[in-house]
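For the protein sequence lines, the chains are A and B, in the order given. For the first sequence, counting from 1, position 194 maps to 178 in my numbering; every step adds exactly one. For the second sequence, counting from 1, position 10 maps to -6 in my numbering; every step adds exactly one.
Worth flagging that the hints you see were computed from the coordinates, not collected in a lab. Accuracy of the hints is not assured; some may be wrong.
To be verified - Here are the computed distance ranges between Cβ atoms for each label pair:
1) A:60 to B:65: 32 to 42 Å
2) B:65 to A:108: 52 to 62 Å
3) A:192 to B:160: 18 to 28 Å
Said to hold, decoys possible - The calculated lysine to any residue pairs, modelled on SDA-like cross-linking and capped at a C-alpha distance of 25 Å, are:
4) B:107 to B:82
5) A:107 to A:120
6) A:107 to B:145
7) A:132 to B:166
8) B:132 to A:155
9) B:132 to A:53
10) B:132 to A:157
11) A:132 to B:52
12) A:107 to A:131
13) B:132 to A:158
14) B:107 to B:152
15) B:107 to B:153
16) B:107 to A:120
17) A:132 to A:63
18) A:132 to B:132
19) A:107 to B:158
20) A:132 to B:163
21) A:132 to B:167
22) B:132 to A:131
23) A:132 to A:103
24) B:107 to B:85
25) B:132 to A:152
26) A:107 to A:124
27) B:107 to A:159
28) A:107 to B:82
29) A:132 to B:152
30) A:107 to A:157
31) A:107 to B:159
32) B:132 to A:166
33) B:132 to A:162
Yeah, the Cβ is synthetic: ideal placement off N, Cα and C, and Gly gets one too.
There are 2 protein chains.
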Amino acid sequence: MHKNDTMSANRTKPARMPERVNSTDRAALGHLLRETSVGHFAFVEDGRPVVMPIAFALEGDSLLLHGSTGSWWLRRISTGIPVTASVMTVDGLVFARSAFESSMRYRSAVLFGSCTRLDGEEKLAALDVVTDSLLPGRRPELRAHNRKELAATMLLRMRVDEWTFKNSTQWPEDPDEDIAGDTWAGVLPIHTTYGEPLDSPDLRHGIPVSASARQLAGRHRVTTP
Amino acid sequence: MHKNDTMSANRTKPARMPERVNSTDRAALGHLLRETSVGHFAFVEDGRPVVMPIAFALEGDSLLLHGSTGSWWLRRISTGIPVTASVMTVDGLVFARSAFESSMRYRSAVLFGSCTRLDGEEKLAALDVVTDSLLPGRRPELRAHNRKELAATMLLRMRVDEWTFKNSTQWPEDPDEDIAGDTWAGVLPIHTTYGEPLDSPDLRHGIPVSASARQLAGRHRVTTP
């Protein structure tokens, strides 16, 4: 996938803050897409906008989406119509000395592309990538898919043709006359972490928490760069 | 705003899990919209889908959006074209005994409507609602807006005509033969919390952290119902 300046300038004209101007940092985009498991996927239906949250995994320059074959919106975007996805994480609140300068620290990506449906070996491989991404370390603890489950699951690859990425890591940027005042200014970071594993009510007695869940427990889910 | 079953059935056909079928719980929708400060707003531009993250505040049955008057997408949706917003929070990972049954606990809303631009007294009042929502308790600590700041800020009200809401609070739902096995199953909760306030590099010596930031520090940003 590549950043197309002409298209991105057309579609996402930079906001007023220099820090928020589209970055060419492909590595930072990858970082955001790897640790953010849900995107908001938009398409056009009867001339009107539809947008749905869908879990995804990053694979190279594509996103892998999966879901039920009964999902009408997955079926709709599987036809190859234009799809745009928005992925964002809020990393902190910026307490400036005026409401006007107050803002957020965030990372945001908008991805333009289209989807194709995967089948056969390609679908099986993609399912593994999705599982490893959404539940790291879990796959070796699970049995293989059965035929019925595979038939009920749709796998789509969204090829990303263009993207924009914004990374706001700013501090308050107040005018001198506000800095000279008595108002505190700073940043309140926001952390997303995993809590302690909860046993399923139907868990048989004596089965310990699996390694994959233990490894994640207490760890940051989203890490700021 | 009201839930239109005909439209919502058309636009967001229920997923396969009964727990994920559209809920009529208006209170739970309000809860999600109050504690989730960013939505992903989609519209149609030249026949193609565009979707952008925008901070919002809930006011009655409407969402209030604000941003720079220089933002082309805010100007675009201010014309009253159809806008659809997706708001979601992931509350946990569901570790089932197969990849197929594994999923997430989440709350998700899709809101259909259109925007109008606010001016004069209405704009001033809406700005206060937005500030109080995005930075609770901060407004009394800040000076008033000046004329230049107001002129550079756009305020939109999105009237929500229809909505769907899904609340997945499920535990693993495995078939009996999987429950009989040795694989652990359960839920790993996800918490979003505020960290400790960080002073701005340009903060004058001796100014203590303000009450609004102190009050949020260490608290959950997103609370599961």
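Okay, the hints, checked on the actual structure:
no., hint, verdict
1, A:60 to B:65: 32 to 42 Å, "21 Å, violated"
2, B:65 to A:108: 52 to 62 Å, "42 Å, violated"
3, A:192 to B:160: 18 to 28 Å, "21 Å, holds"
4, B:107 to B:82, "52 Å, violated"
5, A:107 to A:120, "19 Å, holds"
6, A:107 to B:145, "39 Å, violated"
7, A:132 to B:166, "22 Å, holds"
8, B:132 to A:155, "22 Å, holds"
9, B:132 to A:53, "53 Å, violated"
10, B:132 to A:157, "16 Å, holds"
11, A:132 to B:52, "51 Å, violated"
12, A:107 to A:131, "13 Å, holds"
13, B:132 to A:158, "14 Å, holds"
14, B:107 to B:152, "36 Å, violated"
15, B:107 to B:153, "38 Å, violated"
16, B:107 to A:120, "47 Å, violated"
17, A:132 to A:63, "23 Å, holds"
18, A:132 to B:132, "63 Å, violated"
19, A:107 to B:158, "23 Å, holds"
20, A:132 to B:163, "18 Å, holds"
21, A:132 to B:167, "21 Å, holds"
22, B:132 to A:131, "64 Å, violated"
23, A:132 to A:103, "14 Å, holds"
24, B:107 to B:85, "48 Å, violated"
25, B:132 to A:152, "23 Å, holds"
26, A:107 to A:124, "18 Å, holds"
27, B:107 to A:159, "24 Å, holds"
28, A:107 to B:82, "17 Å, holds"
29, A:132 to B:152, "23 Å, holds"
30, A:107 to A:157, "49 Å, violated"
31, A:107 to B:159, "24 Å, holds"
32, B:132 to A:166, "22 Å, holds"
33, B:132 to A:162, "15 Å, holds"
Violated hints, listed in ascending order, are 1, 2, 4, 6, 9, 11, 14, 15, 16, 18, 22, 24 and 30; each of the other numbered hints is respected by the structure.
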